[in-house]
Structure formats: structure tokens, C-alpha cells
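Trainee: In case you want the letters, here they are:
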Amino acid sequence: MPDDSEEILKTRKFLKERLQTDYSTFRGHENERDNIRQLLQRTAEMGESNSMLLIGPRGSGKTTLVNAVLTDLMKNKDFIQNTLIVHLNGNLHTDDRLALKSVTVQMQLENATDGKVFGSFSENLAFLLACLKAGNKRSKSVVFILDEFDLFCAHHNQTLLYNLFDVSQSAQAPICVLGVTCRLDVIELLEKRVKSRFSHRQVFIFPNAEDFDEYVKLFAELLTIPSEKQLKELADRVGTLKHLQSSELTFHRSHFQPSKYKFSKKYMEAWNKHIAELIKTPSVVKSLQALFDFDVSQAFLKIFIFRLVCQMQTSLSIAEQITAEQITQLTAIYEMDEKVELLCGLSVLELCLIIAIKHHSEIYDRDPFNFEIIFSRFHKFAKVSSTMQGIERPVALKAFEHLRNMEIILPLTATTCKVQKEFEMHKMVLTYGQINQAVQRYQALPTEVQQWSQSSLI
Amino acid sequence: MYTTELLENRYPCRTDFIRILYCMVSKSEENFPSAIYISGHTGTGKTAIVKDFLNIHAECENNRTVLVNCVECYTTKILYEHILEELVLGGTRCDNFKEFVEILRQAKNVEQSGFVVALDNADRLRDMDNNILPSLLRLQEFTGLNICVLLISQIPLEKYYCKTGVSEVISLYTPQYTKVETLKILSGSFENTVHMLKCRINDNCDAKVQRNQLVIVEQITQEFYNNYLNIFLSVFYKACRDVPELKITASKCFFTYMEPVLNGNVELSDVARLWRNIAVPLRSSLSQVYMRFDKVESEMLSNHNLEGNLADNSLRKLARAFELPFYGKYLLIAAFLASHNSANQDKRLFVKHHGKQRKRLQSVNAKAKVAEKMSSSLGPKSFSLDRLLAIFYAILDEKVGLTCNLLSQISTLVHLKLLGFVSGENNVMDGSARLQCTVGLEFILYIGKVVGFNVYQYLCDFA
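Sequence lines, in order, name chains F and Y.
Okay, so the first sequence: first residue is 1 according to the UniProt record's numbering, each after it adds one.
Okay, so the second sequence: first residue is 1 according to the UniProt record's numbering, each after it adds one.
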């Protein structure tokens with residue numbers, strides 16, 4: 001059906017875009033969300049200063065939460081007029097000089113600071129904040145969002161953090177410092193003088209690891225096409241983002257635009273019915289359970305669904321689009337052990353060296369080894385075997401170096417040219433289980449090698 | 001679908017990989033994933049496919065693509081500028097990641113299209129600044145562009161995990177080719193090999209011989225070549241699964257395989273005799289795999305019937321090639337003994353009346369050494385210059401003065417890389433320099449045989 005194929009193309013595009021660039025839809029954790037919103041709102045409206053840390057593991061949606069709160073607040077005219085948002089990322093702003101420069105730009109104060117010489121960091125920052133006050137009876141409040149907060153702790157003397165927290169403590173200008181990090185022990189990283197100025201307000205978000213039904217529901221939600229009404233609601237919410245003026249934040253510029261899409265009602269119902277049936281299939285539930293056991297974060301699930309959506313093809317009908325087989329196949333990829341796969345791709349010679357290393361480690365209780373030791377062990381086996389005869393030293397050395405390049409074995413110390421490579425000590429980074437598994441799965445492995453792997457006696 | 005078919009033809013047995021790559025990163029109007037990590041063994045077509053894919057990609061659609069090798073870009077600055085040069089066109093200065101992101105953000109205003117950045121040898125990123133890997137994985141979020149980062153490397157993704165973790169990545173694995181697949185790929189180069197064979201024949205001068213040989217070459221069929229490949233793989237496959245390497249070696253050995261046929265000694269159909277002829281050269285070129293000695297190989301092939309042990313032979317040749325003087329040889333032996341014996345055994349080994357040794361349980365146990373703890377497998381230890389000279393005088397029967405001629409022999413040995421400095425390279429004169437002997441036991445045994453010295457007698461491990 002030609003009209004269907006067009007719709008499917010559109011669906012794929014829609015789903016992909018929603019998965020990748022829907023930066024501001026946050027689900028659950030209502031309390032935490034309210035908490036942060038109120039904090040920002042108070043800073044904007046009452047001119048209170050504050051500081052807070054948002055802590056949660058990777059992929060739990062910290063940044064999304066902040067984005068969602070900002071999107072909510074963008075409805076508020078007062079908030080837009082009264083606040084400046086300064087966004088810093090620990091990965092981008094790697095030192096305080098860069099950070100301060102970026103702060104200046106984001107406050108649009110480059111002209112004011114032009115040609116001025118500041119004695120210290122705090123003077124500079126104080127000047128910036130004072131500029132906001134000038135000409136107005138009420139100073140604009142500033143919201144500092146520090147992404148990857150733990151990285152700022154590594155800056156020299158923690159100058160930026162000290163000054164920000166200092167301002168937030170004393171009543172100079174209303175600022176709110178919101179740190180976002182995935183390190184639970186981040187407080188311990190703060191210097192004493194910095195720590196004492198921090199308000200110790202911490203919000204933790206952890207992904208929900210108990211509720212599997214919720215996970216399945218989320219899976220379905222990320223795959224279904226919303227109705228026209230839902231689309232409109234979404235569009236309204238996202239529409240407010242155009243008020244957000246920030247050069248550093250980019251999520252509002254590339255944000256997914258629901259208003260661009262329109263699906264025919266008949267098609268939408270057919271598609272949603274297909275998805276609803278899909279999540280009831282036992283094999284899908286089993287796969288999802290496996291994924292849930294690996295990783296409960298939404299980011300992980302989104303990547304999984306993205307790979308599924310990529311497999312959609314316009315030539316097929318709706319019923320053949322996202323199938324249970326595809327889901328089980330994709331889950332199998334996550335279940336495989338990359339190192340065992342890697343071992344199965346080695347040549348027989350390389351696998352023999354691995355087995356020799358295994359025997360050495362078993363006998364000498366994981367003592368380090370060098371090429372000489374392993375080669376002499378391998379050589380003993382090769383002499384009596386029918387298949388591995390005639391392997392010369394240089395070829396074996398090359399195989400040994402290949403193992404090292406693959407980082408299956410690692411040198412004990414950083415490379416020094418003082419030691420000849422045959423004598424450099426290495427350690428193995430595999431478990432015996434992985435080796436046994438690889439030996440079993442290896443295709444067309446000579447029987448004698450297999451037997452040798454079981455027992456080091458020749 | 002045109003792209004995938006083209007690539008599938010060019011890279012057989014990689015259909016799945018190409019399809020997956022294509023459906024994730026192809027249409028610039030759809031969103032790209034933020035990062036894809038491609039891993040697998042060397043020679044499984046990771047870089048080649050991505051390179052061709054990007055080229056086609058950049059031509060067909062309005063995309064900007066760049067492939068960077070991280071080995072070439074040894075500092076972050078070079079890396080950023082290299083990427084920017086291709087992506088935003090025109091040389092720009094860029095010192096840190098902040099500026100890099102800033103410049104890319106401005107690219108959004110210019111045009112709406114997809115960007116792909118591919119980084120080969122991505123494992124090198126670990127040696128660069130700490131922030132670069134986590135930031136690259138979130139480049140899409142930072143820049144707001146439809147940008148995808150492809151990371152290509154040999155090692156699995158788990159080797160990258162840093163302290164606070166990195167964001168989720170899609171990882172693709174290119175499996176090693178199976179034996180059947182390898183055979184299929186190698187047989188694809190049939191026409192190429194035959195063409196090269198013809199070129200080789202044309203280089204020969206004699207016109208009549210040329211004509212005869214060309215007639216024979218015309219008779220070579222795909223089946224014949226596949227037969228040859230089967231023989232070839234039966235020898236090589238256990239030691240090497242690297243397809244590019246096998247490809248080179250296979251076509252090289254094919255010339256040797258064809259030699260008796262071209263000379264008229266063996267019929268083209270007589271597979272058994274052909275096998276008998278090629279078996280030995282194949283085995284000898286197995287010892288050369290990855291080395292690509294062009295000349296040595298032909299030399300070896302010519303005298304393979306004369307002597308069996310190739311490695312031994314070449315070692316002897318090497319030892320002869322140095323043409324060490326008499327004292328130089330003794331110095332080298334002394335150095336070897338110093339490297340492989342512990343200093344507290346010297347008295348017993350080299351002094352004539354060293355007194356009676358009391359046998360104690362401790363010393364008996366110490367002597368019962370396992371192979372792994374012997375010095376031959378643990379490597380040479382360092383020694384001082386004084387000890388070297390003392391051993392030298394002990395093993396040499398005649399009396400020689402300590403002249404500068406003798407001492408200059410030591411520096412000659414160092415220049416020949418037979419000895420190496422471990423420390424104190426700059427203060428040889430005050431005696432704090434330490435050296436070690438870098439040659440193996442076989443080499444020393446040969447030298448010892450030349451000067452009539454029994455090395456075994458003076459080695460603790462063998463005494």
C-alpha cells in the first residue's frame with residue numbers, strides 16, 4: 001500500500017526524533033521535580049539565594065529533569081524577565097578561566113568587562129553580579145546550572161565553586177547554584193571552606209528498580225504514536241521554549257517539534273494496536289525482563305528502542321514492522337560476552353597461547369608471565385601435537401603481540417624500552433570461565449587443543 | 001538501497017554490518033544516534049567499510065563527513081582542527097573542546113544537514129584529555145546538530161569505562177570471518193592474481209617461452225585457484241586469520257605454486273605433484289607471515305631443500321655477518337654469563353680453588369628450579385662493567401692487557417645492539433653504568449663453538 005509506506009516513513013522519523021531530541025519530557029519523581037521548581041521560582045520571584053545538588057546515576061535523567069523544570073518555568077512571564085540562566089558543563093569548561101569567560105558571555109556582559117583588569121577571580125565575579133543590579137532597583141537573579149559538577153571540584157583551589165557558594169550565602173545578588181552530578185560522594189570532594197558555604201540541599205534521583213510493569217509501559221509509550229490532542233498538548237508545552245534565551249543551552253534549539261507531525265487516525269490506531277499486542281507477547285516480555293535486569297535506566301531503554309526503530313522498512317506492512325523476533329535478536333546482542341566473541345575470532349595459534357597462559361596462571365596462581373615462558377609451554381605442546389607443528393618463534397611472537405594489541409593481556413608496567421619484548425612481564429585480563437567458554441564455542445578446533453585446554457599434562 | 005548494494009558487492013560477507021550501519025546513519029532528515037562504537041578484529045573491514053560508506057554518503061546526500069585517524073592526531077588541538085576543516089570548511093583555529101563545540105554550533109545556522117565524524121583507532125582517545133571521550137559521546141547534545149560520532153577500534157567497549165562512567169553508546173561488533181567466508185573473499189581476487197601472473201611473464205624476455213607460458217595461464221580456472229586456496233588455507237589458517245595478510249601471502253605463494261607448471265615439469269591437472277612441490281615453500285613462508293621479507297623469502301625458497309632448520313640457519317648467518325674479533329667474542333660470552341648468572345655464584349664458577357661448598361637443604365631446594373624461574377625465561381639481568389671484565393679475564397686463558405682497544409670492543413658491542421645499557425649510560429667512566437646482554441642462548445652457543453668454549457659449563461641453570 002503506497003499510502004502506508006509514506007506513513008511508516010513518517011512514523012520512523014517521528015519515533016527517532018522523539019527518542020533522540022525529546023530533551024524535556026521527564027517521567028516520575030514528582031516530589032523532586034517540585035522541589036527544584038520551587039527553588040528556582042523562589043530565586044526568581046523572591047530574590048532568594050540558594051544552592052543545591054542533584055545527584056543520580058548515569059542515564060537516570062538528571063539533565064532531563066532540569067530541562068523539564070526550565071520548560072515548565074518558561075510559562076511564567078515573571079521568571080523569564082527576572083532571571084538569567086547560566087549553564088556550565090564540567091566537560092566543556094575545563095578550567096575556571098574558561099568558565100568565567102563563558103559566564104560573561106552568557107550574561108551578555110562582554111561589553112562591560114571589555115578592557116577592564118581584575119585583581120582576582122572574585123572581583124571579576126562580583127563585578128558581573130553588580131552589573132545586573134545597575135540601573136534597576138531590583139537585581140536580576142541568576143541561575144547557575146553546573147553539569148558534571150564533580151569535575152569543577154578538580155579545578156585549582158575550587159575558586160569558581162567557592163565564589164559562587166560565597167555569593168549564594170551572603171546577600172549580594174540573588175543567585176541559585178544547581179549542581180548536577182553522578183557521583184554520590186561529591187560532597188567529600190569539596191574543600192572545607194567550600195563545603196561550609198554550601199547549603200547541603202541534595203536531591204537524589206534513582207531509577208525505579210522495582211516496578212517492571214512501569215518499564216513495559218514506558219517501552220510501549222516510547223513506541224506509540226500520540227493522538228492529535230496529545231500532540232497538541234506537547235506542542236504547547238514545547239512552544240514555550242522559544243522564550244528561553246541561552247547560547248550555552250542547546251536543547252531548546254534542536255528540540256523535537258511535535259507540531260510538525262500529523263498522522264491519519266486510522267493509521268495511528270492500527271499502529272498503536274500493533275504495539276499494544278506486541279508488548280503482550282511472552283517472548284517480548286521475557287526480553288524486556290532481561291533488559292530490565294541489565295540496566296533500569298531510561299537512557300539504556302531509549303537506545304534499545306532506537307535500534308529497533310532503525311530496522312523499520314517502508315516496504316513492509318505495519319504488522320511486520322517491529323516484531324517479537326527483532327526484539328529477541330537485539331536482546332541477544334546485549335547478552336553476548338564481547339571478550340568471548342573476541343576469543344572466538346582468534347586463530348588457533350593465538351588460542352593455544354591463551355591456553356598456555358591459562359595453564360601458567362593456574363599453576364603459579366596468576367603470576368605474571370612473559371613471552372618466553374608462554375612460548376616454551378606452547379612449544380612443549382606443539383612438539384607432540386600433529387596440527388600445531390612447524391610454528392616458528394617469530395610467528396608466535398607476532399601472535400603474542402596481537403593478543404597484547406587486543407588488550408587480552410596487559411603489560412605490568414608502562415612500556416620501557418630497556419626490557420626486550422620477549423621478557424616483558426604481562427598479566428591476563430580474562431577469567432578461566434571465559435577461556436573455557438571460548439574453547440567450547442570455537443568452530444573446528446582441533447581435538448588435541450581442546451583436550452590440552454582441559455589438562456596441562458601432555 | 002543503492003548504497004548498501006554497492007558496499008555489499010565490494011565487501012562480501014559483511015551484509016549485516018552494512019545494513020545496520022546504513023539504517024542508523026543514512027538519511028539526514030532523520031535523527032542520527034549520538035555515537036556508535038564499532039569494534040572487532042583487525043582486517044574485518046571496519047575502517048574500509050566506514051570510509052567507503054562516508055564517501056558515498058557525502059556524495060549522495062547533503063551531508064558533511066570526516067574520517068580521522070587518532071594515531072595521526074596525536075594532540076587534541078590537531079584532532080579538533082582536522083575535524084573542523086572538513087565539517088565547516090575552511091581552516092579554523094581551535095584550542096579546546098569548548099571552542100570546538102562553539103564553532104560547530106555556528107555551523108547550524110549555515111545549513112541544515114547531517115554530520116558524521118568517524119574516529120579510527122579510537123583507543124588512542126584514552127591517552128588524550130580526560131574530557132574528550134565523554135564529550136564526544138554527547139556531541140549531539142552539546143552542539144544541537146544532527147551529528148553522529150563513529151568510533152572504530154579493535155578493543156571492546158568495556159575497556160573505556162572511566163571513573164564516573166560514560167553515557168550509553170550503541171556498539172556494533174564485526175565478527176571475524178569464518179573459514180568459508182575467508183575462502184570466498186580470497187577467491188574473489190582470482191582475476192587479479194592471474195593478471196599479475198601474466199604481467200610477471202611479460203617481464204621475462206624470451207618471446208617463445210612467453211607465448212607458451214601465456215597459453216598455460218589461460219587454462220587456469222577459478223576451480224583450480226580455489227583448489228590452491230584450500231591447500232593454502234590448510235597450512236596458514238591455524239596461524240593467521242587476518243584476511244588482508246592472507247590475501248597478500250596467497251597471491252605471493254601462487255607464483256611459486258605455478259612455477260613447475262610454467263616450466264613444463266608438471267601438468268596443470270596433476271594436483272598431487274603440485275601439492276608435493278608447494279608443501280615445503282608454504283611451510284617456510286608460514287614462518288614469514290606478517291614479516292613481508294621479499295628478498296629473504298625467495299632466497300629461502302631456493303635453498304629450502306638443502307637445510308631443514310631455517311631459523312637456526314639464519315641465526316648462524318647473522319652471527320657470521322657480525323665478524324666479531326676474537327676478544328669481542330669472548331667479551332660477548334662474558335656478558336652473557338654475567339647476565340644469566342647471579343653474582344654470588346661467580347666465585348664458584350670462575351675461581352679455581354673456591355673451597356668446599358657445604359650442602360644445605362636450603363641450597364638444594366634453591367637449585368631445584370622450575371623452567372619458568374630459569375634465567376632463560378626471565379630474561380637477562382644487568383651487570384656492572386667491573387664484573388664483565390672480571391668474568392672476561394676468568395674465562396680467557398691468555399693474558400691480555402686492559403687497553404683502550406679492548407674497552408672499545410665493549411662500545412662496539414653496544415653499537416651492534418648485542419649489549420644494551422640499562423642505566424647510567426652517560427657515566428661509563430665512574431663504573432656506575434649497568435649493561436645487559438640482549439642476545440639469546442643459541443647465538444652464544446654458536447659463538448662459543450667458533451672460539452671453542454663450552455658455554456653450558458658456566459651456566460648456573462645448566463650446571
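These aren't lab readings, by the way, just hints derived from the structure by calculation.
Predicted model only: the values in this text are computed from it and were never measured.
There may be inaccurate statements among the hints.
[What the hints assert, rightly or not] Covered stretches of chain Y, as calculated for chain F (at least 3 residues, CB under 8 Å):
1. 62 to 75
2. 82 to 89
3. 149 to 159
4. 268 to 282
5. 339 to 347
[As the list claims (entries may be wrong)] Derived lysine-lysine pairs resembling DSS-like cross-links, with alpha carbons at most 30 Å apart:
6. Lys13(F) x Lys27(Y)
7. Lys399(Y) x Lys347(Y)
8. Lys399(Y) x Lys398(F)
9. Lys286(F) x Lys75(F)
10. Lys262(F) x Lys10(F)
11. Lys358(F) x Lys347(Y)
12. Lys51(Y) x Lys302(F)
13. Lys252(Y) x Lys418(F)
14. Lys421(F) x Lys51(Y)
15. Lys27(Y) x Lys260(F)
16. Lys208(Y) x Lys383(F)
17. Lys229(F) x Lys262(F)
18. Lys192(F) x Lys229(F)
[Said to hold, decoys possible] Which stretches of chain F does chain Y cover? Using the computed rule of at least three CB atoms under 8 Å from a CB of chain Y, they are:
19. 94 to 107
20. 251 to 264
21. 284 to 291
22. 307 to 313
23. 343 to 355
24. 433 to 440
Where a beta carbon is used, it is the ideal one built from N, C-alpha and C, also for glycine.
Trainee: The structure should be examined with respect to each hint, and the outcome stated for every one.
Mentor: Hint check results:
1. Restraint check on the region 62 to 75 of chain Y versus chain F: 0 residues with Cβ-Cβ distances below 8 Å, three needed, restraint violated.
2. Check result for the region 82 to 89 of chain Y against chain F: violated, 0 residues qualifying (beta carbon to beta carbon below 8 Å, three or more required).
3. Judged by the Cβ-Cβ criterion of 8 Å, the region 149 to 159 of chain Y is covered by chain F as claimed, because 6 of its residues qualify and three suffice.
4. Residues of the region 268 to 282 of chain Y lying with their CB closer than 8 Å to a CB of chain F number 0, which falls below the three-residue condition for coverage.
5. With 0 residues having a Cβ less than 8 Å from any Cβ of chain F, the region 339 to 347 of chain Y misses the three-residue criterion, and the hint is violated.
6. Between Lys13(F) and Lys27(Y), the direct Cα distance comes to roughly 10 Å. Compliance with the 30 Å bound is thereby established for this hinted pair.
7. For a cut-off of 30 Å, the pair hint linking Lys399(Y) to Lys347(Y) stands: about 20 Å separates their Cα positions.
8. About 45 Å separates the Cα atoms of Lys399(Y) and Lys398(F), which puts this hinted pair outside 30 Å; it is violated.
9. Among the hinted pairs, Lys286(F) with Lys75(F) is inconsistent with the structure: their alpha-carbon atoms are about 42 Å apart, more than 30 Å.
10. Simply put, Lys262(F) and Lys10(F) have alpha-carbon atoms about 9 Å apart, close enough for the 30 Å limit, and the pair holds.
11. As the CA atoms of Lys358(F) and Lys347(Y) are separated by approximately 39 Å, the hinted pair breaks the 30 Å bound.
12. Restraint check for Lys51(Y) and Lys302(F): the C-alpha separation of about 28 Å stays at or below 30 Å, so the hint holds.
13. The straight-line distance between the Cα atoms of Lys252(Y) and Lys418(F) is roughly 37 Å, outside the 30 Å bound, and the hint therefore fails.
14. Proposed proximity of Lys421(F) and Lys51(Y) is contradicted: the alpha carbons are some 34 Å apart, above 30 Å.
15. For the suggested pair Lys27(Y) and Lys260(F), the alpha carbons sit about 18 Å apart, so the restraint of at most 30 Å is met.
16. Taken as a hint, the Lys208(Y) and Lys383(F) pair is broken in the structure, with Cα atoms around 49 Å apart against an allowance of 30 Å.
17. For a cut-off of 30 Å, the pair hint linking Lys229(F) to Lys262(F) stands: about 11 Å separates their Cα positions.
18. Our distance criterion of 30 Å between C-alpha atoms is broken by Lys192(F) and Lys229(F), whose separation comes to about 53 Å.
19. Counting residues of the region 94 to 107 of chain F whose beta carbon lies closer than 8 Å to any beta carbon of chain Y gives 3, which meets the minimum of three for the stated coverage.
20. For the region 251 to 264 of chain F, the proposed coverage by chain Y is satisfied: 3 residues have a C-beta within less than 8 Å of a C-beta in that chain, meeting the threshold of three.
21. Residues of the region 284 to 291 of chain F lying with their CB closer than 8 Å to a CB of chain Y number 0, which falls below the three-residue condition for coverage.
22. Evaluation of the coverage hint for the region 307 to 313 of chain F: fulfilled, as 3 residues show C-beta separations to chain Y shorter than 8 Å, against a requirement of three.
23. Given as covered by chain Y, the region 343 to 355 of chain F passes the check, having 6 residues with a CB less than 8 Å from a CB of that chain where 3 are the minimum.
24. Coverage of a stretch by a chain is defined here by at least three residues with a beta carbon nearer than 8 Å to that chain's beta carbons; for the region 433 to 440 of chain F and chain Y the count is 0, and the condition is violated.
Checked against the numbered hints given earlier, this structure breaks hints 1, 2, 4, 5, 8, 9, 11, 13, 14, 16, 18, 21, 24; the rest are met.
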